[in-house]
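In our numbering, the protein residues as written are 2 to 491.
Any given hint could turn out to be false.
Quick list of simulated restraints, FRET-style, between CB atoms [what the hints assert, rightly or not]:
1) Glu351 with Thr82: 16 to 26 Å
2) Gly395 with Val441: 29 to 39 Å
3) Pro466 with Leu49: 49 to 59 Å
None of these hints come from the bench; they were simulated from the model.
For each residue, glycine too, the CB sits at the ideal point set by N, CA and C.
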Amino acid sequence: MAPHAERPSMQDVVLDEDDVGTSAPAPDLRATGAALVGWSRGHVLRALAATTALVALVLTVLVGLPRWSLAHERRVLTAPTELPGAIRSLEGPPAVAWTTQGPWSPRTVLAGDTVVVYASDVSDGAAAGLDLVTGAVRWRATLPGGPLGTLRRCLAVGPGPAEAAAVVCLTEPERSAVRTEPFAGPVVVLDALDGRVLDQRDARGTVAGAVVVGRDLVLPLADESGVVVERADARTGAPVWRTQVLDPPVTVPPQRVVLREADGALLVATGGTSLVLAEATGRAVQVVDRGNRPRDHVGLLRDGSVLVGAYGTAGSALMIRTTVYEPDGRERFTTRGTLSEPRVSDRPEERLYAWSSLPGSPFGGRVRAVSRLTGEEQWQSPGPSAGVLLELDGVAVLHGAGFEVGVDVDDGEQLWRRQVTLTSSDQPFTDGSHVIVARVEPGRGTVLEALGVRDGRTAWEVLLPPGVTRVEQLGTHLVGIGPRLVVALR
Numbered sequence: 002m003a004p005h006a007e008r009p010s011m012q013d014v015v016l017d018e019d020d021v022g023t024s025a026p027a028p029d030l031r032a033t034g035a036a037l038v039g040w041s042r043g044h045v046l047r048a049l050a051a052t053t054a055l056v057a058l059v060l061t062v063l064v065g066l067p068r069w070s071l072a073h074e075r076r077v078l079t080a081p082t083e084l085p086g087a088i089r090s091l092e093g094p095p096a097v098a099w100t101t102q103g104p105w106s107p108r109t110v111l112a113g114d115t116v117v118v119y120a121s122d123v124s125d126g127a128a129a130g131l132d133l134v135t136g137a138v139r140w141r142a143t144l145p146g147g148p149l150g151t152l153r154r155c156l157a158v159g160p161g162p163a164e165a166a167a168v169v170c171l172t173e174p175e176r177s178a179v180r181t182e183p184f185a186g187p188v189v190v191l192d193a194l195d196g197r198v199l200d201q202r203d204a205r206g207t208v209a210g211a212v213v214v215g216r217d218l219v220l221p222l223a224d225e226s227g228v229v230v231e232r233a234d235a236r237t238g239a240p241v242w243r244t245q246v247l248d249p250p251v252t253v254p255p256q257r258v259v260l261r262e263a264d265g266a267l268l269v270a271t272g273g274t275s276l277v278l279a280e281a282t283g284r285a286v287q288v289v290d291r292g293n294r295p296r297d298h299v300g301l302l303r304d305g306s307v308l309v310g311a312y313g314t315a316g317s318a319l320m321i322r323t324t325v326y327e328p329d330g331r332e333r334f335t336t337r338g339t340l341s342e343p344r345v346s347d348r349p350e351e352r353l354y355a356w357s358s359l360p361g362s363p364f365g366g367r368v369r370a371v372s373r374l375t376g377e378e379q380w381q382s383p384g385p386s387a388g389v390l391l392e393l394d395g396v397a398v399l400h401g402a403g404f405e406v407g408v409d410v411d412d413g414e415q416l417w418r419r420q421v422t423l424t425s426s427d428q429p430f431t432d433g434s435h436v437i438v439a440r441v442e443p444g445r446g447t448v449l450e451a452l453g454v455r456d457g458r459t460a461w462e463v464l465l466p467p468g469v470t471r472v473e474q475l476g477t478h479l480v481g482i483g484p485r486l487v488v489a490l491r
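Take these sequences, add in the hints, and give me the full structure.
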């Protein structure tokens with residue numbers, strides 16, 4: 002008989018029926034709580050200190066985190082952009098950050114991190130200062146009115162070492178006004194943070210324009226003694242210098258006086274005479290007499306160079322030629338057409354753009370790129386255009402006849418072409434990567450569209466809230482404007 006085989010012994014095995022890894026048993030919370038209560042009864046002071054510390058930590062997180070987040074957003078929104086003249090980068094369509102009610106025809110100015118909303122109509126003195134980040138109302142004020150035929154204008158003045166940013170509000174004649182007699186309008190200076198009136202004074206004549214230079218205000222002032230350009234401390238009115246630019250009798254209405262500012266230079270045009278003044282001293286650097294040539298024009302580039310355009314004939318065609326002068330008055334070059342520079346450029350030192358719409362000219366309606374240093378022609382636009390708006394990432398964006406056209410900035414070759422009609426802004430905006438156009442679509446409203454700089458394709462499109470009729474650039478931000486409406490877009 003075969004030997005009997007020994008059977009293996011049986012063992013208990015735990016089955017993991019739910020296929021979940023085994024873990025240590027959960028702690029007994031009731032026992033732990035009881036232990037803590039027992040410990041706290043025996044150590045009352047220590048328990049009280051621990052509880053206080055825990056509550057303080059929770060409050061710090063709950064209160065400090067939103068404050069830190071708000072402060073961080075404020076630093077980001079008030080920081081300058083790398084590209085002068087551009088808005089903050091928009092990776093996608095902007096959303097409504099906040100909305101506020103304003104006067105019937107609101108205007109805005111950004112002073113520090115305060116958005117000042119005011120009425121251009123001098124019969125409406127309502128003004129308000131809003132937090133740029135949240136839209137919360139910081140203050141309200143009532144501004145003084147002005148004579149019939151004038152408009153209100155407010156300008157931002159930067160902060161000082163121990164001073165917040167300020168807002169200067171004044172009245173100036175409408176360009177279409179028929180009033181010619183001088184009047185001393187009010188000048189009001191407000192603290193941008195709390196709306197306090199820092200100073201209120203009457204201008205020393207009719208204000209015929211205004212620019213801010215540093216912490217100073219530059220005003221052309223017209224009265225019976227002629228036209229004087231005055232630079233004064235914006236907050237106090239203390240004069241820095243005064244320069245007489247037109248002697249009596251004054252035959253030019255104040256609303257025809259033009260003031261422009263560039264790097265270290267001021268251009269003042271008074272009818273037949275234009276003067277370039279040094280910002281620091283008010284000394285006349287260049288005088289252009291257009292007495293018997295009223296159609297000639299004088300302009301100023303951002304680097305302080307002076308443009309003088311003169312009309313003439315070339316054969317049977319009417320021609321305009323522009324001469325570029327250095328800021329110190331030395332002639333640089335002369336070229337045909339009217340010269341301009343893009344509003345935003347990442348290569349501003351390289352070229353200018355010439356354009357002419359005069360009939361009979363073989364070059365009428367086309368843009369020519371010329372060297373900023375020599376005036377040598379580099380290329381000519383492939384089709385009719387009215388000028389170059391932007392110069393970014395190797396692409397020059399031209400506008401004309403309802404089209405935006407992108408051309409290679411080095412040779413003028415057309416890269417893309419898009420039709421853009423019924424725009425609700427004077428010029429497109431850019432964040433450095435897109436050409437942003439605001440347009441009005443009948444029956445739909447105002448639409449913001451971003452075109453790629455390199456290819457002209459639509460990157461995104463957004464319909465703005467009802468009531469927005471135009472879009473404006475406010476510092477490095479966009480705002481939608483409508484009757485009694487201001488919308489911050491971000």
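Hint by hint, here is what the structure shows:
1. Remark: the range hint 16 to 26 Å for Glu351 to Thr82 is upheld by a beta-carbon distance near 20 Å.
2. At roughly 31 Å, the beta-carbon separation of Gly395 and Val441 lies within the given 29 to 39 Å, and the hint holds.
3. For the pair Pro466 and Leu49, the beta carbons lie near 54 Å from each other, so the given range of 49 to 59 Å is met.
The structure agrees with every numbered hint stated previously.
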